[in-house]
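Line by line, the protein sequences are chains R and Y.
When we follow our numbering, the leftmost residue of the first sequence carries the number 1, and every step to the right adds one.
When we follow our numbering, the leftmost residue of the second sequence carries the number 1, and every step to the right adds one.
Worth flagging that the hints you see were computed from the coordinates, not collected in a lab.
Wrong hints could be hidden among the right ones.
Quick partial rundown of chain R residues pointing at chain Y, CB under 7 Å, derived from the structure [claimed, not checked]:
id	residue
1	H46
2	P48
3	Y59
4	S69
5	P121
6	P130
7	G134
8	A172
9	V233
10	H234
Everything numeric in this text was worked out from a predicted model, so none of it was measured.
Positions of the beta carbon are idealized from the N, C-alpha and C atoms, including for glycine.
Chain by chain, the residues run as shown.
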Amino acid sequence: MSEHPNDYIKPELMACCGAREIRDGDVVVVGTGFPTMSANVAKYTHAPRAVMMQESGVYDARPRRPALSVGDACLNPGAAMIGGLVDIMGMFLQGGWIDVGFLSGSQVDRFGNINTTCIGPYDQPKSRLPGSGGANPIGSLAKRVLIIAQHDPRRLPARVDFMTTPGYIDGAGAREKWNLPAGTGPHTIITNKAVLRFDPETKEAYLASFHPGCTVDEIRSLTGWDLKVADDVHETEPPRADELRVMREILDPHRMIKIYEAKGYV
Amino acid sequence: MSKVMTMKDAVAAHVHDGDFVYIGGYICRTPFSAVHEIIRQRKSGLTITRGNAADDFDMMIGAGVVKRFISTFISLGLYGLARCYRRSLEKGVPHRIEVEEYTNLSLPMMLMAGAMGMPFVPVRDLLGTDLMNVRGFLGENKYRLIESPFDGKPVLLVPALNPDVGIIHVQQADENGNAQIWGIGGDCKYGANASKKVIVSCERIVSREVIGKDPSRTIVPDFKVVAVVEEPFASHPGYTPGFYDLDMGFGYLYKEASGTVEGFQAFLREWVYDIPDRTAYIQHFIDRFGYARFKGLQARFDYGYPVSYEY
C-alpha cells in the first residue's frame, strides 16, 4: 500500500481533513457521521489523548457500532460519564472546556455563519429546517469550530438567509461586541472541493487548499462570494494509508460513509 | 399511597386542553405511550417543549393537538426533516403552530431555572444571531439583553419555564413515583422537576426497598409525581437502555407514512386511534411484524458492578 492510496472517496478525504484539525488532548463535541469519523481517525493516529462527548449527555462513549444519532443506544454502555444536556452544553461547553465542535448546515456564509432554520422568509418559509439544536451554542462557545459543507453557490452564499449559528457574524470585532468568549469561533470550512480558513484580520473565509482534481477557478466559481485565495494555496493532502486503514478496518468496516456520496459529497 | 394507574386514566386526569406540557426523552426513553394517549384522547391547544424534539413531537403536531411549541430542533434523525412539522409551518396543515425557538443550551437552562425556582437565567448563546430577531408568542419575554451589573458587558437572560405537567419514561419507579433512570438524560431531570406535577411511565414498578439500594439514580422524588404507569416497551420506536434498542425499521415506516397527509392519517389510525392501549400496541406490532422482530429489539443484559451504600 502506497503512502497515499488513490482509491479513496471524497467523504473519506473530508473526514481526514477534519481529523487533521484535531490536536492531541483536545476535548471534542461530536455529532454523527463526519464528526465522529474525523475525531476517531485523529484519536487512532496523531491525537490519542483527544476525548469526545455528545450533547445528549455522554462523555467518552465506547460504541460497538457506528452511532446513528447523538442519542443512540450504543453510546450508553461503556461511557465514562452520562448526564444530560445541562451537563454537556452547560457545564462543559458554556463552562469553557470544549476545544473543537463540528457543525454543518444548509447554508454557510463567508463569515462562517450557519443556517439550519429556514430557506426563504422565516414567517413563510419555502423550506422549514430543524432549527439550532446544539449548533448555536457550539458555534458561540467552542474554541475551534469545524464546518462541513457542500460546495456550491447556493450552499455557500455571501450571506445566509437566516443566521442560526454565529460564525464571525458581520466580520472583525463582532463576536467581541456580543461578548462571545475570546478565542472562540469558526476555524475551518471543509467542503467536497476545498478547505477554507478564516483571515485573521477580516474574518472572511479564504481558499487554503483545493482537493485533488479540483481547480482554484472551479472552486471560486462555486462559491457565493468573491473568494480570496491564499498565497500558499496548495493541493489538499490525500488520505494517508494509515488514516484509511483506521476508517475501513476499525471505525466503519461496512463503509457507511458512502452514504455521503449519495448526498452529493463527490 | 399507590399512584399506579393506566395511561388512559393518567392522561385523562392530568393533561388538560391548553396545558403547557414537558415531554422528556432523547430518542432514549421517549414516553411514546403517553404521546399516543394524548393523541387518542384528542387533546387540543397544548404547548409542548423539550430540547431536541423528534418523531413524537412531529406526530403530535400532525395530529393537531399542539398549538405552541417551545423548540430547539426537530427532525427524524437519519430520516431527515420532520414532515408534519414542515407541513404545519409551510402549508398550515392541519394548522400553523406557533413556535418559539431556543437552543440545546438555553432551553435546558430555562427548564433548570424553572426547577430551581429562579425567575430567569443568563446564557451565553443566541447572541448576535437571527434567533434574537425572531420572537414568537413570548414576545418581549423571549429574552432580555442587559448589561451585566458586574462588568457592564452584554448578557442575555432567558425566562424560567414551569410546565403544567411533565411526562417522562423511566426504567423503574416505585408505586409512589420515585423514578430512576440510567443512560442518556437529555433534559428530562430538569424538565420533570420544573413541572408542577409529573406523570411517570416505567418499564417496571419496583419496591421502595429496591429504589433504596441505589438512590443516586432517582431523578424525580415521589412527592412531585401524580401518576405512575407500568408500561413496558413504552418508548418504542425509541429505546430504553437495558430493555430494548431503537427500531430503525419503524422509523423508516413513520418517515414514509408521514410524507403525505393521507399516509400520516392511516398511520395514526393503525397505530394510535384503533389501538386502545400499549398492550394492544405490542400485540399489533407482533401481529404485523412477527415475534422474532419484537424479540430482536430486546437488549442484551450486562450486570453493572454492584454498589454498596452501607456504612
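Each hint, compared with the structure:
1. About 30 Å separates the beta-carbon of R:H46 from the nearest beta-carbon of chain Y, more than 7 Å, and the hint is not met.
2. With 7 Å as the threshold, the beta carbon of R:P48 stays out of range of chain Y, its nearest partner Cβ sitting at about 26 Å, so the hint is violated.
3. The beta carbon of R:Y59 comes no nearer than 11 Å to any beta carbon in chain Y, farther than 7 Å, and the hint placing it at the interface is violated.
4. Because the closest C-beta pair between R:S69 and chain Y is about 5 Å apart, less than 7 Å, the hint holds.
5. Checking R:P121 against chain Y: minimum C-beta separation of about 11 Å lies over 7 Å; hint violated.
6. Interface hint at R:P130: satisfied, since its Cβ lies 4 Å from the closest Cβ of chain Y, which is below the 7 Å cut-off.
7. With a least beta-carbon distance of about 4 Å to chain Y, the hint placing R:G134 at the interface is held under the 7 Å criterion.
8. The beta carbon of R:A172 comes no nearer than 13 Å to any beta carbon in chain Y, farther than 7 Å, and the hint placing it at the interface is violated.
9. Because the smallest distance between the Cβ of R:V233 and any Cβ of chain Y comes to about 30 Å, over 7 Å, the interface hint for this residue is violated.
10. The beta carbon of R:H234 is not positioned within 7 Å of any beta carbon in chain Y (closest approach about 33 Å), and the interface hint is therefore violated.
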